[in-house]
Amino acid sequence: MAPRNCKPGPFYRRRFLLSLLVAGSFFWAPEALWADLIAIIQPAFYHQPGQQPIRGSTRTVVAYYDLDPDKGLTPCPATDEAGAQARAAAAQEAARRLAATLRPEVVRDAKGVLSALEFHSPNAALSSVLLLPETWNRYSQALGPDCLAAVPNRETLLLFPRLGGNLRSFSVEVLGRYRNHPYPGSTEVLECSNGVLRAVHDFAADFVD
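Residue numbers for the sequence shown follow our numbering, so the first one is 513 and each next one is one higher.
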């Protein structure tokens with residue numbers, strides 16, 4: 513009996529390549545399919561284990577979550593100092609990936625002067641881009657040095673010029689977006705001082721007699 517010709521035919525080669533692609537997609541799944549460790553700026557009243565207060569504030573904290581595309585957000589447990597540092601570093605990497613995709617909307621006043629840059633994203637980690645020093649420098653050409661920020665809810669971020677702007681004109685809008693969203697962020701105005709996030713004003717105070 514003549515030996516069988518074992519040279520793979522065209523159909524076999526296509527099937528073999530397809531199996532490699534399927535296997536490769538399993539072992540090299542896109543990054544978006546993997547869980548991310550993220551940071552979220554949120555109200556302190558959530559009382560999440562391991563949350564870290566923002567300097568100058570008793571109402572706003574940074575909290576950490578595991579973000580899984582299938583399971584959603586899972587709060588991270590409390591950890592020691594070394595664990596907190598590693599967690600913050602991982603959250604910053606996730607924030608950098610998100611920051612690269614953001615495109616702000618320019619908000620102008622009645623005279624056409626730029627009064628804010630507004631960012632929107634369904635990604636719960638939107639506020640974490642404020643933990644990146646480069647975020648505050650990236651838009652300095654448009655806003656001037658030492659800009660200010662507000663995070664009324666998880667899907668909205670605002671950057672304001674420190675000089676020449678009118679923060680009070682945004683008080684009603686920020687408070688409305690904070691109170692009417694299922695996942696509020698903060699009513700406070702934030703700045704980055706020497707790489708540290710700090711609260712410098714509360715929009716809610718604009719309505720206190």
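A hint or two may mislead.
[Claimed, not checked] Restraint ranges, calculated between C-beta atoms of paired labels, are given here:
1) Gly595 / Thr570: 31 to 41 Å
2) Gly568 / Ser652: 16 to 26 Å
3) Arg680 / Asp580: 35 to 45 Å
4) Gly562 / Val618: 30 to 40 Å
5) Lys623 / Ala556: 13 to 23 Å
6) Gly688 / Gly568: 41 to 51 Å
7) Lys623 / Gly562: 13 to 23 Å
Since the hints were made in silico from the structure, they are not lab data.
Even for Gly, the Cβ is constructed at its ideal location relative to N, Cα and C.
Verification of the hints:
Evaluation of the 31 to 41 Å hint for Gly595 and Thr570 yields a failure: the beta carbon distance comes to about 24 Å. Checked against the hint of 16 to 26 Å, the pair Gly568 and Ser652 passes, with Cβ atoms roughly 22 Å apart. Taken as a hint, the range 35 to 45 Å holds for the pair Arg680 and Asp580, whose Cβ atoms sit roughly 40 Å apart. Between Gly562 and Val618 the C-beta distance comes to about 37 Å, which sits within the given range of 30 to 40 Å.
At about 38 Å, the beta-carbon gap between Lys623 and Ala556 misses the expected band of 13 to 23 Å. As the Cβ distance of Gly688 to Gly568 is approximately 24 Å, the hint placing it in 41 to 51 Å is violated. A hinted range of 13 to 23 Å for the beta carbons of Lys623 and Gly562 is inconsistent with their spacing of about 46 Å.
The structure does not agree with the numbered hints 1, 5, 6, 7 stated previously, though it agrees with the rest.
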